[in-house]
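2 protein chains.
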Amino acid sequence: MARLVMKFGGTSVATVERIKNVARHVKREVEAGHDVAVVVSAMSGKTNELVSFVREAAPLYDAREYDTVVASGEQVTSGLLALVLNDMGIPARSWQGWQIPLYSDDAHGSARILEVDGAAILAGFEARGEVAVVSGFQGIHKESGRITTLGRGGSDTSAVAIAAGIKASRCDIYTDVDGVYTTDPRIVPRAVRMNKVAFEEMLEMASMGAKVLQVRSVEIAMVHQVPTYVRSSFDDPDNPNPGTLICDEDEIMEHQVITGIAYSKDDTEITLREVADKPGVAASVFMPLAEANINVDMIVQNISEDGKTTDITFTVPAADYDRALDILNRAKTEIGYRALQGAKDVAKVSAIGIGMRSHAGVAAKAFKALSEKGINIRAITTSEIKFSVLIDADYTELAVRTLHSLYGLDRG
Amino acid sequence: MARLVMKFGGTSVATVERIKNVARHVKREVEAGHDVAVVVSAMSGKTNELVSFVREAAPLYDAREYDTVVASGEQVTSGLLALVLNDMGIPARSWQGWQIPLYSDDAHGSARILEVDGAAILAGFEARGEVAVVSGFQGIHKESGRITTLGRGGSDTSAVAIAAGIKASRCDIYTDVDGVYTTDPRIVPRAVRMNKVAFEEMLEMASMGAKVLQVRSVEIAMVHQVPTYVRSSFDDPDNPNPGTLICDEDEIMEHQVITGIAYSKDDTEITLREVADKPGVAASVFMPLAEANINVDMIVQNISEDGKTTDITFTVPAADYDRALDILNRAKTEIGYRALQGAKDVAKVSAIGIGMRSHAGVAAKAFKALSEKGINIRAITTSEIKFSVLIDADYTELAVRTLHSLYGLDRG
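As they're listed, the protein sequences go chains A and B.
Residues 1 to 412 (the numbering used here) make up the first sequence, in order.
Residues 413 to 824 (the numbering used here) make up the second sequence, in order.
Quick caveat, the hints were computed from the structure, so don't treat them as lab data.
You may find that some hints are simply not true.
Calculated lysine to aspartate or glutamate pairs in the DMTMM-like style (CA-CA distance at most 25 Å, straight line) [claimed, not checked]: (1) K432(B) x E56(A); (2) K196(A) x D236(A); (3) K46(A) x D529(B); (4) K744(B) x E717(B); (5) K167(A) x D266(A); (6) K142(A) x E527(B); (7) K27(A) x E468(B); (8) K373(A) x D266(A); (9) K142(A) x E461(B); (10) K458(B) x D117(A); (11) K142(A) x D590(B); (12) K554(B) x E115(A); (13) K20(A) x E468(B); (14) K46(A) x E538(B); (15) K46(A) x E527(B); (16) K458(B) x D87(A); (17) K458(B) x E17(A); (18) K554(B) x E305(A); (19) K432(B) x D590(B); (20) K20(A) x D235(A); (21) K677(B) x E555(B); (22) K344(A) x D297(A); (23) K142(A) x E538(B); (24) K554(B) x E126(A); (25) K142(A) x E717(B); (26) K677(B) x E796(B); (27) K439(B) x E126(A); (28) K20(A) x E461(B); (29) K167(A) x E249(A); (30) K46(A) x E717(B); (31) K432(B) x E49(A); (32) K211(A) x E249(A).
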């Protein structure tokens, strides 16, 4: 007998019929003798409807009221799933964020979880063998007593945080895919579903564009050592596939050098030409961007021929592109550069693997393979367990396929 | 400067556009210098949608989860109105039942309000001049911490209870009619909108079928002496009509003998023929009905010619008709009667007025007038300030018009 968290997203609870299917998954685990907490999102489409009401009500909306309106979507789903479970003879009750309570900070609209009090849910397990049906995505700010939401995809984060809060032995994230693949199977049909992947690798994959799990949920799973499965809610409830386990690297016997290839088209490139090559110039470029909360990722700096000026290239999220250009234009005299250039049609392709730590020359091999395919590398970043290259967006699929084959990830 | 509660129902907040219109009504009162709490229902249609989800999820639903699901409708509206007000530069925040808190008992689905803590709302008035936008229809059960709902029309009750809780000097109920009329204007075009009506009279009218206000809200208004206006949300927000004031009878200078004529087609008639006329027979008839929670209203008992048996006639709500017949059929030997008869096509017409107390023969005048029109009276009940007659439903409109003229209520 184990304690278990199961999470179902919006498409898995899109209709009452689908909620009944979710209940069959829950029934399987209850009948296996487990204590179960289920975390649910809003019925798909509902959150968008609520957000559009908010936008119509007030273009520059108060984020606290936004949260009040939008959190109602999960309240409906948690109540409905509890109804279905009770109707099937499985004791269940719904829990809103404020009832648990799941405390967050007051960054309304994208609040961070501070503390999950698992006592009430555990009491329900103990006293009544009761399934806890939890509204994902929402919490409460302790001081103000107001409803908060965790931002898009926040239900994954809720699920893992609740798993940590009730010391669950496992957290199952049910999605519309059946696990984590070595890369996007729409690009590489020979991509392989992994049985296990290390937290650190999953963190990089999520950051690099693999949208199967929210980055913050992986962080929390890693910190609290919650073994987390990604699996499909559309499997037969009586005979589901296990999916992919995200776990501590020690749990994985043999590491491949590269575990997966991720890509993202959400980045844009900015270049400052002929910046004076003197101390403090990098700060003069990046400080104003940091102050505007713009996240700079890859940075490349080349000395120009005369040795007196330098070119600086870096990437920012596509959503911040216009704002970044505007800030740099206004700071032109202060920074002192000749020209400002931007490119939106770029993509970042990343190779991730814990095995990189103990293998030299892994990235160099990639640079060679990409150049042989005629793919120009605009910028490079590396970390202990991943490297990324920035390339023309047109070459994204070719680059992903090239690296996937290069590191022996293609299905046999 | 006064403290004021304004309540808007589902049709008044059916769309974001209409919510903006509600905000203009609120603005008028804020600009007049008042501290305002606004109570809102769910957008019309939403509650029905949520109820149908619940029914699809579980035909025999758990009322606690029903409440969780259905209360989400008001949460959306309160958030949206707060957004619109803030956007107009009027400080506002939403309040859910559990945030106020508005405590109720745990009769989920039709909970009764136990206590409204006005402190937090009053603190918002004081510290920030903040409009309180309150979700109607919902509360919280203190011991279980679960969301409750007050039953259909419960937002009226919320509004008056909150008015009592914050010691408001007035509660304005905005509806789709512009006040309380001497009778239904669809039946009597010469019906008159009253300027004032006493709590006791309104209570009888609401009970007798005038659907403009929930009975429980009138009870609370009367007990806590909250002057309550019924007025239209479709009036020009900058120049609205005052509507009808429901107030203590002392506030009304001169009472007419009869204030209004109400009618109801929701009653049915049941007759037991030749019941033995002995002590305890009434109990044997009405106890089983009471135990089944069936509300018996008018009772008439006639001695039959032989003096040994009696006929008993009474009314029950139409919704309980089949159940009542079934119970009486099963108790036939125990009660001892010859035949059981029922009639569904009956109507109850009532005349209400505090002036009746000091005038004799008011009802007798009515019986004469009705018989002159050929209307047969099947049963009669009277109280201090009203009398009701049960008649064939076909004669309802004729009876209402006859009494409306008889007591001089027709517009001049």
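Index of numbered hints that the structure contradicts, given in increasing order: Violated hints (numbers, rising): 3, 5, 9, 10, 11, 14, 15, 18, 21, 25, 27 and 30; every other hint is consistent with the structure.
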